[in-house]
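These protein sequence lines are chains A and B, in that order. According to full-length UniProt numbering, the first sequence holds residues 1 to 305 in order. According to full-length UniProt numbering, the second sequence holds residues 1 to 305 in order.
It is possible that some hints are incorrect.
[To be verified] Straight-line C-alpha distance at most 25 Å; calculated SDA-like pairs for lysine to any residue:
1. B:Lys207 - B:Glu226
2. B:Lys284 - A:Asn267
3. A:Lys276 - B:Lys284
4. B:Lys197 - A:Ile269
5. B:Lys238 - A:Lys238
6. B:Lys171 - A:Ser256
7. A:Lys238 - B:Arg220
Don't read these hints as lab results, they were simulated from the structure.
Number of protein chains: 2
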Amino acid sequence: MDLIQKSLLQQVAGLHDVPEGAYNIRVNGQLDSRNTTANIDIVTKEDKPGIDIIIKPGTKNESVHIPVLLSKSGLQDMVYNDFYIGEDCDVTIVAGCGIHNCGVDTSKHDGIHTFYIGKNAKVKYIERHYGEGDGNGENIMNPETIVHLEEGASMEMETTQIKGIDSTVRKTGGDLKDNASLEIREKIMTHGKQYAKTDFVVDLNGKGCSANVVSRSVARDQSRQEFFSTINGNNECKGHSECDAIIMDSASVSASPKLTANNIDANLIHEAAIGKIAGEQLVKLMTLGLTEAEAEEQIINGFLK
Amino acid sequence: MDLIQKSLLQQVAGLHDVPEGAYNIRVNGQLDSRNTTANIDIVTKEDKPGIDIIIKPGTKNESVHIPVLLSKSGLQDMVYNDFYIGEDCDVTIVAGCGIHNCGVDTSKHDGIHTFYIGKNAKVKYIERHYGEGDGNGENIMNPETIVHLEEGASMEMETTQIKGIDSTVRKTGGDLKDNASLEIREKIMTHGKQYAKTDFVVDLNGKGCSANVVSRSVARDQSRQEFFSTINGNNECKGHSECDAIIMDSASVSASPKLTANNIDANLIHEAAIGKIAGEQLVKLMTLGLTEAEAEEQIINGFLK
Numbered sequence: 001m002d003l004i005q006k007s008l009l010q011q012v013a014g015l016h017d018v019p020e021g022a023y024n025i026r027v028n029g030q031l032d033s034r035n036t037t038a039n040i041d042i043v044t045k046e047d048k049p050g051i052d053i054i055i056k057p058g059t060k061n062e063s064v065h066i067p068v069l070l071s072k073s074g075l076q077d078m079v080y081n082d083f084y085i086g087e088d089c090d091v092t093i094v095a096g097c098g099i100h101n102c103g104v105d106t107s108k109h110d111g112i113h114t115f116y117i118g119k120n121a122k123v124k125y126i127e128r129h130y131g132e133g134d135g136n137g138e139n140i141m142n143p144e145t146i147v148h149l150e151e152g153a154s155m156e157m158e159t160t161q162i163k164g165i166d167s168t169v170r171k172t173g174g175d176l177k178d179n180a181s182l183e184i185r186e187k188i189m190t191h192g193k194q195y196a197k198t199d200f201v202v203d204l205n206g207k208g209c210s211a212n213v214v215s216r217s218v219a220r221d222q223s224r225q226e227f228f229s230t231i232n233g234n235n236e237c238k239g240h241s242e243c244d245a246i247i248m249d250s251a252s253v254s255a256s257p258k259l260t261a262n263n264i265d266a267n268l269i270h271e272a273a274i275g276k277i278a279g280e281q282l283v284k285l286m287t288l289g290l291t292e293a294e295a296e297e298q299i300i301n302g303f304l305k
Numbered sequence: 001m002d003l004i005q006k007s008l009l010q011q012v013a014g015l016h017d018v019p020e021g022a023y024n025i026r027v028n029g030q031l032d033s034r035n036t037t038a039n040i041d042i043v044t045k046e047d048k049p050g051i052d053i054i055i056k057p058g059t060k061n062e063s064v065h066i067p068v069l070l071s072k073s074g075l076q077d078m079v080y081n082d083f084y085i086g087e088d089c090d091v092t093i094v095a096g097c098g099i100h101n102c103g104v105d106t107s108k109h110d111g112i113h114t115f116y117i118g119k120n121a122k123v124k125y126i127e128r129h130y131g132e133g134d135g136n137g138e139n140i141m142n143p144e145t146i147v148h149l150e151e152g153a154s155m156e157m158e159t160t161q162i163k164g165i166d167s168t169v170r171k172t173g174g175d176l177k178d179n180a181s182l183e184i185r186e187k188i189m190t191h192g193k194q195y196a197k198t199d200f201v202v203d204l205n206g207k208g209c210s211a212n213v214v215s216r217s218v219a220r221d222q223s224r225q226e227f228f229s230t231i232n233g234n235n236e237c238k239g240h241s242e243c244d245a246i247i248m249d250s251a252s253v254s255a256s257p258k259l260t261a262n263n264i265d266a267n268l269i270h271e272a273a274i275g276k277i278a279g280e281q282l283v284k285l286m287t288l289g290l291t292e293a294e295a296e297e298q299i300i301n302g303f304l305k
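Here chain A stands alone, though its shape is the one from the complex (with noise of 0.2 Å):
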């Protein structure tokens, strides 16, 4: 790897170098590195571009990175990656795609993560989306995740993305066991002319399983952020979706979360708020000697972190 992405690396991954445990780390579309553990397998797929990551059952405190990172200008990435994950795992899952553009062409990577999750396995998954360039060519990226969810089994999902994608359709979509649990937190920011989709598809299937979607953005410039969340409960079920957005200059934000109720014990919350920086709490930084730009932006980092 050289310098640039090492850069990215750190990014996407908060990695300095190789990480730990097992690994998968694709480069320009090609396959850079790779580890695996006693207990965790990964495995090229042979009809199509990607990988399957196979955790042996039982497997406690392991984890799994697979960061994308393209640093070439115009390049066009898809990968198709599958996780299986075996009953009574405890594991963390660290993916994310560092796009490095400093070309005319159109970099874009799309990714469709699919996961199925054993009898009580806890999954931990963090997905972080970074561009950044010259500002000449575009950053793309669609990524996708689908989450299956045994009986009892849970996943944690962090997604982020902070900066430099011009345009992203983010598609999320799971569906739930008896007691299984998702929860989502989702942080964007968006500036520049830039573009963000959020679409999230959840199914409460099982008994006593619950959901919480909860996304914060901020949307700068002109930049344009779109959120759908649909949450169907179809038994006795639990769900949350609370979607928080800061707006500024001319950017525009709308909101569309949607709950449906199928089962009389299922019991469904939402809430949405769009808004700017409140006045008084930018006075009162800039009181303590912060300019606007300086308090505008730390209270930004309170709102995302």
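Keeping the supplied structure of chain A fixed, place chain B upon it in accordance with the hints.
Just chain B, lined up with the frame of chain A:
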């Protein structure tokens, strides 16, 4: 009017007999009676079924009643009513439709009400929908309300559908100029195999304008309800939407509010909750001596009050 029609009139307009002030009573697709006043004129449309209600600028503390009654089975009625409300008015308008259907045919009433509300005028608009009969013929009502609010104008709309409507699609649209305000309170109860769809679209175009949409509904038996609301904040404005639903038996309820902020000074919030009657509430009332059915009834009445 016969006894059935008088009873319908009471259900939809709270009237025992013809009202005070201006009124237009439509029975079985025909004009039954009409009264105008010095300030309020009612004119039959010549190009299509319906009436124009014209209220002089500055008219205060006057009311107009325009109930529609259908007591013949199988009647299909469609009216266009336009309301021209002058500047600085302060008036109450009571509309509504009652269907008594003792037959096997479908009775249907569609009404499109358009309001042109002048500067600084205040309108209170009350609308009730009610059906009854032996259950062999279907009762269908599709009310559509469009509200244009000039600078500083305000409308408070109360719309209620408590019983006996088998199928309804209720559309309400509003556009607001500077400092205008729109408050909508909706109450719906469905039972049996009824279907109710509600669709609000409000454009907050003026500086300092505001909208508040509050929907409370109860879905019993196998009934289905869908709630849509769209609030577009296109200026410095405030928008709030709230949808609370109680689900019972095998009913299903879906809530899809949508907020769009196209201006940095738009302040938009929505909330929704769908769930069944809390067990503790029922138990509390039952320890006070009520049966379960009585306790449910009391909770529902309180919720829809």
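Status of the hints after comparison with the structure:
For the hint linking lysine 207 of chain B to glutamate 226 of chain B, the alpha-carbon distance of about 31 Å lies beyond 25 Å, and the restraint is violated. Restraint check: the Cα-Cα separation between lysine 284 of chain B and asparagine 267 of chain A comes to about 21 Å, which is no more than 25 Å; the hinted pair holds. For a cut-off of 25 Å, the pair hint linking lysine 276 of chain A to lysine 284 of chain B is broken: about 44 Å separates their Cα positions. Under the criterion of a C-alpha separation no larger than 25 Å, the hint pairing lysine 197 of chain B with isoleucine 269 of chain A is consistent with the structure, at around 19 Å.
Our distance criterion of 25 Å between C-alpha atoms is broken by lysine 238 of chain B and lysine 238 of chain A, whose separation comes to about 30 Å. Simply put, lysine 171 of chain B and serine 256 of chain A have alpha-carbon atoms about 18 Å apart, close enough for the 25 Å limit, and the pair holds. Proximity of lysine 238 of chain A to arginine 220 of chain B is assessed by CA-CA distance (about 20 Å); at most 25 Å being required, the pair is judged to hold.
Hints 1, 3 and 5, counting from the list given before, are not met by this structure.
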